[in-house]
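*Asks:* Residue strings, one per chain:
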Amino acid sequence: MNTIQYLIQQTINAVSVGSLYALMAIGLAMVFGILRLINFAHGDLIMVGSYAALLSLGLGAPFWTAVLIGIAASTLVGLAMERVAYRPIRGAPEVAMLLTSFAVTIFLENVAILIFSPTPRAFPTPPILSGALEFGGLRISAVDVLAILVAAVVLVLLTFFIRRSEAGVGMRAASQDLLAARLMGININRVIVMAFAIGSALAGVVGILWSIRVGKIDPLMGFYPVLKAFVASVIGGLGSLPGAVLGGYVLGFLEILLQGLLPSSLTPYRDAFVFIILIVLLLFRPNGILGSTEKEKI
Amino acid sequence: MLKLEDINVQYGNVRALKGISLEVREGELVTLLGANGAGKSTTLMTISGILRPRSGHITFEGHDLARAGAYDVVQLGIIHCPEGRRIFGGLTVFENLRMGASRRQDRRAVQADMDWVCALFPVLGKRLTQTGATLSGGEQQMLAIGRALIARPRLLMLDEPSLGLAPLIVRDIFNVIQQLHSQGVTILLVEQNARQALQIADRGYLLETGRVVLSGPVAELRANPEIERFYLGGSALPLDGKHPAGT
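Residue numbers (my numbering), protein chains in the order written: chain A, 674 to 971; chain B, 165 to 411.
None of the hints are false.
Covered stretches of chain B, going by a simulated chain A footprint (3 or more residues, C-beta under 8 Å):
#1 227–240
#2 246–259
#3 264–276
By construction, these hints were calculated from the structure, which means they are not laboratory data.
The C-beta atom is built at its ideal place from N, Cα and C for all residues, glycine as well.
For reference, chain B alone in the conformation it holds in the complex (with noise of 0.2 Å):
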């Protein structure tokens, strides 16, 4: 569905991406893992053509997106929930989610959507008059993962979905992924909580520095010993001294 091949992008000299190649069949959950600045926001963020790469080809179906730009691959279904939520705050949760609907036409499936959306996380469907800025962290991660819903992603891409937020809420927020994942949405997550990411998607790249280090079923990641010591041991904290704070 969605392929990437020898992509490579530069940020003035800093080269971000060095050749990375990952595919993304339909209605798999696929995760890219990695420390702080591996590369994994890049790739989402040059998928989304927001970045432009350097070199490389990047498809989606058949139609070539390394020149594409954000609007269009939103256009073909590729939806981007950026880290950080990255919600509108000063609208309303109702207006966040009809701007979600952007590149749909069908107003009254939009509005079937809604309800959808609001099932999903009822404390939405509580909230669409107020502005987005006074939900709390967790609702305004849900607000966001609503909001890219009900744009009806034939790709949806998470970055970071559970950054900063409480243990509780994270559980929820991956409940609702799995549910997705098992509705058939083709999903591509990026996370930190690598431990997370492993129990519910099928298959994992593990980007360092730019490059795809190891990639394949979760199963064998799991079982990798790197993967094993840097990523899932002993320790409760991730290795990059990003602590989980409360919101």
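Isolated chain A (complex conformation) (with noise of 0.2 Å):
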């Protein structure tokens, strides 16, 4: 392999690994725009829909109904959360919130451990997805060439729904000024249930992808996902939903690349020094690449 391969495959690789970081980043940022709330719980809901999807298959179902069954049950959970755990601490201060996320996760997990034990469980591939292409000398998983493709379609229909839809630009409305968007008469009710739903079901994409992509499935898995989504959106701008994607990419970028540049030795510490570059970015970005440099609103 030469190395314009290399690079292409490591780009690929990025890209693929990026997908999975920015669309987890955009069901976060969402809400966050909206609520002021870090949900930390997010990350849970690729947990549920991994298990619901591993559970369905275990019934007998279809690969792709599994699939569905799986996006369902994140979905579901996540309105739940919404509308159990946050809804009646709308408008608390942050930390009141990002605690009961907290909460949210310590109980999600803990009810996945008493039921499912906290032993990890394979996550089978299926035959569709177990091949890889290969052209050129390069070999591009199938489970990769899914990832960026469905990226790629979310991110569209998501622009399109976000700029022209009256939900989609409800949603932006409500999340620049909440107090107005009330006032105007925008159902916010129906605006955050919305933003909890698609990025509860953008979790459960992103759960089943994961866990063919790692082939097991464990009740606390859901951890380095939402942090790597939390980094993500930071890197980009909190609370905005093109940084989210564009720090998703970057981070999936930063990870190939310092996997590639890092002496064998130190790649075991690769995620040490991603945050290092994160913490050199903030003091120059403070609100991210993409976040207003603008001080608060008056």
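Mind assembling these two chains? They're in different frames, but the hints should get you there.
*Replies:* Here it is in structure tokens:
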């Protein structure tokens, strides 16, 4: 494999990983934009979707049916989270909301441990996705291709929704000025439910792609993805949707880049280097790459 | 049309409104006057369903508003144009106006009203695709009023529409308010600029520390020695120290 091929191969890896981070970060950013809530329990939706899909596979459901069930389960749990945990404390200080999201995380993870035990379970790769595309000395696994395609389709649809549709414009309005949005008669409950529904469904999608990539699932599997998604949205500018997507891909590239550049004795500490770069970035752009540089709204 | 009876509102331990009663009749322009902290904005926020009264009744055309949420209040046609403009800075002028029309289903009529608002504020028509944040302060205030008008309010509540604007723009804004009033729009106007407000309103209420201390037709209020001294008195500057700074 020559250098060019190696670079292309690694770029594809980075785009694939970045796609997953971006899809996760969108969910975080949507909710944060409106509610100023950093929903750490977002990661557990990945776990919920994966277990639901695995369970349906175990009951004999065809693979794509299991995928749909997984996404539906993530969405339902995400909506339940909003209704039961976050709606009652809407308008509370940000710290209270953050702590509530930790509580939701601990609750969901422990329920999963009770039901499924902490032991990881193998997540099967369906035959269609176990192959790889090979051409010109490159090898791209079918899961990577799927992740990249899914992210591309989702981003196009989401952009259209956010830019054009009444609900999408309402969502942007609510994230800029919640009070003004309420005074204009925008149905805030509906906007928030929609943000949770979209974010949770995307978490379900990521869960399945992630589980196929890793090959196993466990009740605490959501921790790293949500952390990465959080970092991605901070890189891009917390609360900004384009920022979240950009941050996801930037993070994907950073990780793959460091993986390739660091001497092998340091690769286990790759994430530490990622965070160093994040700290440096935030020193120069405290609001992220696309975050507004303006101070508080007047 | 709108009636508040003995409304009490509390922020934590602070009693912001202590038994406010007031009324706005159909087609009237009523102004709420008073210094900072008198409870003017709180009154509007309570009518809008953003704040819940501790006690008292609010009725609008027979509907009980004391327990209604902001969304329901807007559905009834009460539109509150908040203090400080609060336009959506990242949205285009067109999108801002579109959000103002959220309560309406009649898309074609909304389109006609877009033209009407753009005729009222020609500068908005020229800036439809610009984001709100790029507008000047006066233009933003026009957008805020336009955004409220496009909802076809049955009752329009304006909170300090002249705050922080240059005198010429203030004159324009007051002209538009007067024009709306003559077209039959019912308006509840909160102003620090008592002189201007008392010129165009039908009736007024003077609030002090959460209470209505005076009310009546504007001619009566203008003649009142207390209003004369504290709110209209010789000095051009309002007494509370809020200078009408340029934008």
